[in-house]
Structure formats: structure tokens, C-alpha cells
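Asks: Each chain, letter by letter, is given below.
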Amino acid sequence: MAKRISRRELMQSVATGGLVLAGSMTPLESLMASQLRPMAKRGPQPPGPAVARYPAVLADGKVVQPQRELEVLHKTEVLVVGGGPAGTAAALAARCLDVDVTLVERYGYLGGLATGGLVLAIFPLYDRDNRQVIRGIGEEMMQRLDVLKYGIIERNRAPVYPTVDAEAFKYVLAEMVLESGMDAYLDCWGVDAIIDSNYAVKGAVFESKSGRQAILADVVVDASGDGDIYAAAGAAFEKIKDNIGLVSRLGNVSVQDVLDEHLKNATGPRDDMDSGMPARGMPVTAFEGHVGSPTPAPGINWLNMKGPVGDGLDVAELSRMELLHRRALWKNLEKARRKPGAEQAFIAETAPQMGVRLTRLLDGAKKLTEKEMKTGVKFKDAIGYSGAYANAPEFQIPYGCLVPAKLDNLLAAGRCVSAEFLVADTLRLIPVCWVTGQAAGIAAALCVKDQCKPRQVNVPRLQDLLLKQGAFLG
Amino acid sequence: MMHWRHPPRLPVRLACFVLAILLLWPVPLWISASTIAVQASPFVAICTLLAGWAFGAGIILGLVLSAIAIVRKRWFCRYICPVGLLLDGFSRIGLRKNAWWGKCPSIGGYIVLLTAAGSIAGYPLLLWMDPLAFFSSAFTIRTATDILSGFLSTAGLTFLLLIAITSGDLWCARICPLGATQDFLSGARSLPGSFKDILKSKSHGKARYGIAFSTTRRAFLAVAAGVGLGFLAKRNGRARADRAPLRPPGAIEEDEFAGLCVRCGNCMRACPSKIIRPDTGQAGIAGLLAPTVRYEGEYCLEDCNACTQVCPSGALQNLNLRQKNEYVIGEAQLDPSLCFLVRGVRDCDICVRSCPFDAVQIYWDEDLYVACPVVDQLKCNGCGACEAYCPTGDVKAIRVWKSGTV
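Protein chains in written order, with the working numbering: chain Y, 1 to 474; chain P, 1001 to 1406.
Because the hints were derived from the structure by calculation, they are not lab data. Keep in mind that this is a model prediction, so the values were computed, not measured. Where a beta carbon is used, it is the ideal one built from N, C-alpha and C, also for glycine. You may find that some hints are simply not true.
[Said to hold, decoys possible] For lysine-lysine, the following DSSO-like pairs were computed, each having C-alpha atoms within a straight-line distance of at most 30 Å:
id, chain 1, residue 1, chain 2, residue 2
1, Y, Lys406, Y, Lys380
2, Y, Lys453, Y, Lys380
3, Y, Lys241, Y, Lys170
4, P, Lys1379, Y, Lys241
5, Y, Lys367, Y, Lys380
6, Y, Lys449, Y, Lys378
7, P, Lys1274, Y, Lys378
8, Y, Lys374, P, Lys1234
9, P, Lys1274, Y, Lys371
10, Y, Lys367, Y, Lys449
11, Y, Lys374, P, Lys1103
12, P, Lys1103, Y, Lys371
13, Y, Lys366, Y, Lys449
14, Y, Lys378, Y, Lys335
15, Y, Lys331, Y, Lys380
16, Y, Lys406, Y, Lys239
17, P, Lys1274, Y, Lys239
18, Y, Lys406, Y, Lys366
19, Y, Lys380, Y, Lys366
20, Y, Lys367, Y, Lys239
21, Y, Lys453, Y, Lys378
[What the hints assert, rightly or not] Facing chain P, according to a computed beta carbon distance under 7 Å, are these residues of chain Y, among others:
id, residue
22, His290
23, Pro308
24, Arg326
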């Protein structure tokens, strides 16, 4: 303790320390630079490297896109196109098996129609005995919503089904995707498939602000909802037209619905034979503006719109419809304000996405039929259940519904899987999309691990992994 | 010969009692087994035959038993009637064994005359007083959905048992129309010569079973009253038809339905959906306990015609599956002011999906900018699937109404 350091020694240690510090600063600085990459200076930027441009050319009255090489943005093992209920479930499920997963989403948030379409009802979730038959990743999402204030209501209250808050759900999905360590690209629209000479899908092409780029993958999960990727790859499908509406959220609604009072005052069925008889035929009763039903957020209702039947793949039709829908929503609001409890109502939000229900249905290895749905046929390759709906009981969904009849290296998930129209009308619903999504994700990961094609996937192992992830298979 | 004349009573009665229970409870031996259990009554068999709505193996059995009653006085009561056995048993443990009613005239004879005459008018007024119908009805308690209907279904038999306990054989000897029918039949043996004597023969308490008609005039008045009341009741039924509750498939016209129905509860027990419930007063006193249809949770299944197979009186006509599905129970109508889809409460299409006949479609009104389920009345038979599954709560937005009332 007694030894004192000399002046020289002090100078020496200070100098070495300074040098070490200076040396260590350099990587820290570069690290910060890489973390805050867009930090970039405001204002005019130096010109980037020269890029060859191949604009479409008008020749002889025809617009031709010249052949060109696409930049490969990324290489991955499992590519999931679409970040809706099916896509997020697929990507998260695949990521659980520790494969390299890339998720690509057209909008700037995750959740698809469940959040951006304001389809806030988590239905159908239960079987006829009010047992929850859809679990797995969807259940995990709902459990994460459970702990959030105003995240989800009517949980575990079968047969009443839960309603979620769209923003809470977007947050939960963002959190789950960030935690999983997958690559995610938002605002990125899958526009084409990449196939090899053996008619096997090798990735997909995207349009974004970065232009047209490619992502190469071992297996692609088409969770685009419209089946854009399998259609682009040339797989056979059935074209569907369905109602297309626009859901909205109303704020400052102090009663759920003015008609609830009317309902409370009404007596039991048929005890009032003389009163309450409806008019014959199409109603001309006063449609005085509707305010929908409650959401988890206080004072906020969601208002459904069925909409007319339209072609969800026709941009002109979609555009006109969306304009008309918005106009109608405003007119409805003005009528709703005349009702007590809704005088101060306002439109909190119109859904960023229109409620496109069904557009394409894959011609898969197995087409789930209405008869099979209604008779509750059991499948050896079942990958999950849909809940009961009206007088149709809960039914199993076979793996074959996700696999294209001919196309290789691609799995469909969500509302564009292989089923007859009336079955797809149930498969398209949010929790059922979780089911097909999770199964497609695990199957895709198995393809990578076992070096096989989707149609060769070891189904018992797939089912085993689904069970391990908490899914319900009966 | 002697043996045939006097077969051992108790074993036969017990065997018939067990057989009746087997026919009615819990799973019938065959689909229409419960029909036989009621049609075996000569009273029911003859009156429904007169009313002209039913014929079949059970009716033939009832006629055969009627024929035996011509030869053997009150043969049915002594050997077959399960209610008779029950009442005998109860009257033994009863409070009063002396027949205080000994001098009372037989009411049963008038009941039979009224009902038979009413049958000819198409409205068997008091057919529901048949003891086998009471017996059958008591089994309906098993499927009763509420206390009131459970109580009402057993009320008939309970009443008979109370009579047995308090007043011994009063029912069997003086009131029971089944017994009185046999009295008429055994009297017919001495027809044509002594019809007057039969009607005149008075019971003086010595003979327990006897005909208590004093004069032909009373009999004539009873018949006239039966025909008159029958027509009146039919008119009343017609007048109320548009306010009547829904009836099960195969139900005959409302004006005769309440009269022909014996309230045996067979249809209620046969229904797998348990949608057939006893009328607790919706159609007035005349329709009390007759079957009505209520779609609470279940509907009239498209692959079932069970209720049409079990009616002993023909109030529910025997229909095959195709005919049953074509039978219009009522018509479904939507009250749009309650409909979830119309009101934007949720994206509901449960009525469309649940309809077994594709009768409900969603119509999009471009001007109102609203979607609304619309029922095709040509396809709708009122099976109630839409009403049963409509999720609006206690008051359904879509309901089945009696045809012509909407």
C-alpha cells in the first residue's frame, strides 16, 4: 500500500488508458452508425451507384415490360407472403422450429383483416359444447391481449366470442414478430412467384418503395388471402365473388345500440302474437343509422358492413366500392347522431382494408367439401378444427387443403386454401386462419428440415409438432 | 272352456301393464309403437274412425278389442287397461272404500255420446278424456322442458289417482269414456230388440259397471249437443286459427286439430329436437295441452318425421319424409329492426347458413346501403332452423309465424 506511483508511471498509465479508450471508441462509433443507419444527413444526398433502368415500353400500341434481372433482396428458408392472421401464425410457428423465416406484408402493420380490416370478432372459436377448439398460436396471441388494458373482451365466455382491439392486436403481433427473430418486410406487395424449370416455387417477387425485388426461399407459404402467389405460379384455382364491405369504428357512443332498449322491452318469442309482426318482404323500416357493437376500448363501437357482392381482384370495382362505402358510412353517422346516446358520435376510423372475403380458392391435393364439413368427417391428416357455426358442427381441416394439386414448394394458408365455397366461407374467418397458418408454417419448416416437398411432409410429425405448440386436434 | 272364460286376471293385467310401458317408454319398440298404446282403446279407435282422420293397425286392434267388448262385458277394463290396474291398486290404499257415488248416474255414457257425435261433426269433443291418453301423456314428463308443461302432462293421470284414493272406483264405474264405450258395445249384443231397455237399465249400486241412461231423450240430447258443440268448436277454432300457435308437421286444419288431438304426448316424446311442447293456454282453453312448436335452440330436422308417425287420432297426419319437408309449419319472417346483420352489429349470416332448404338469401339494398336476409316463402317450410340459431337473444330477429298471419 505504501508504494506511491511516480509521475512517470502516472503519465504512462494515462497515456495507455487514453490509447485504449480511443481504440475502443472506434468500433463503438461504427456500431452506433450501423444501428442508426437512417441517421443520414437531412437534405440533398450524393448520387448513388448507377442503376440500369428498364421502363415499360409502348410499342405498336402494346405496353411491354422488357426482360430484366431482379435484385435479390434476401435469401431465406421459409418465406411467408402475407402478414395477416394466417401469415403471422405461419411465420411464428415456423420460427419456433428454428428455421430461417422471412415474413412479407403488403400494409404497414401486421394482422391483416383482423386489424386493418377491423374484423375484430374472434369467431368461430368453440364447438357445440362451448369447448374452445382453436388454440395454439392464436390462443397465445389472445393470452398476450388478455394482459393488455382494453386488449380483448368476452374471453372464455362461450358461446359469446371475444372481440379484440385492433391497435392492441397490431402491437402484440409486432412484439411477437420482433421477439421471434424472423426477418419481416412491411409495405411490400408480393406480385409474382419465382419458379424453376421443374415447376417448383423458389421464392417470390415484391414491389415496394425499393422497386421490384426478389426473395429466394426453399418453401413459400402463400398467406396472401387472395392466393396471389400460387395464382402467379400457375396453380389451378376457383374464382370466387363475395360481399365486400368496409368496417368502421365509431367513437363517443354511450349506448351499445339504441335498439337494445327496444329488445329489453320486448317480451318473449311468440307470446306477443299481435305485436312486433314484421312486414312482408324487404323492409322499409326506418334505417336510422347504426352504431354497431362494443369493442374493448371504452366508448368505441365497431360497425360491420356486409357490402355488395363484388370481384375482389378487380381494381376498378374495388376502388369504386371503397368510395361508395366511405360516403355511406358518413351518411350513416349523420343518421346515427339523431339517436339518443349517439349524438356526439364520430367516425374514429374506417378500416384501412376493405373486407374482401373470398377471391381465389386453391385446387389442392384435397378439396374440403360441404358434405364433409356438415357430417363432421374425421381426417387422418387433420391439422386442426374450425369451431361450430350455426347448425354446422365443428369440423376437421385436413393437411391436403393446404397443398396445391400440382405446384411444388408452396403451401396455402388462410382464406385461399382448397375448399368448396361454403366451407371456405368458414375457413376464411380469423381463428380458422390461425389454424391453417400455424399448420402451414410448421409444414414448411419440416420441408426445410427434412429436405422434402410439402406433399411428402411427415404428417404424424406435423401433428405432433402442432400438439406441442398447443394446437387442438381433437 | 271354463279356463278361457275366466283366464287368470292379475297376470294378464300385469303383462298388459308392462307391455303398455314398453310401448311408451323409454325407447319405443318401433317408431310408431306408442300409437298402438293409445289406439287400443275402443273409445279412441271408434271416435277417430268416425272423425275420419286415422286408420291403421292400431285402429284395427282397437276395433278387435271393441268387438271382444261386445261379447265380454267390460273385458278391456278387467284385463287390458293399465290405468284400470293402477287405479285398482290405488283405490285399495285409498281413504274411502264405500261407494258414496253409488247413486250417481254414469257420466261416461254422455261423454261417449257427446264425443262420438262430435266426431261425426269432425270435432271429437272429449276424446282427450281417454284413460290411455292420460296414461301415455304421463310419460311426457321425461321430455318436459319446464315445470308447467311437466305438471300439465301428468295432471290427467294424477287426477285419476287422486280420484282412486279418495273415491275408489268412481272414475272407472261412472266417468271413464273407455268403460262407457264398452257398456254401449256390450249393450249392442241385445240390439236391436232391447235398445230401449239398455238405455233404461239403471244402476242401483249393485252392479258397479252399468249403463246409467234413464231415457232415450237424454241420449238424443247428448248426441244433438255433441254435433252442435262439435260444429261450434270448429267454428271457434277457425276463428282463432290465425292466432293459433304453430303446430307440428302433419297437423290437420286448426279448426279440428284441438278436438281430434287426444293429448297423449306421443309427438312430444317422439321429437328428437324437443321442439314440440304442450300448449299452456296460447290457443285458449280448447287447445290446452295440444302440441305446439317452439324453436328454442332446436328446429324441425329435415331428416325426421317421427311426430307424424306416432299420432293415434290422426291429428298429425302420417307423412313420409318428403311430405313432411313439404308440409308448411309456418313461414319465417325477419324483423330487420332486430337483425344483427342489418344493424351492423356483426357479420352474421347464421339464418342463411342454418336453413336446410336454402330459403334465406342475403339481399344487398344499394339505396339503403344495407344487407338484409330475405326469406323465399316458396322454399320455406317453417322448420325454424333460422329462428333456433338466430343469435339476437331472447327475442329472435327471424321467427316462424303461422302462415297467413303475417
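Asks: Checked against the structure, which of the hints given earlier come out wrong?
Replies: As far as the earlier hints go, 8, 11, 12, 14, 15, 17, 24 are violated by this structure, in ascending order.
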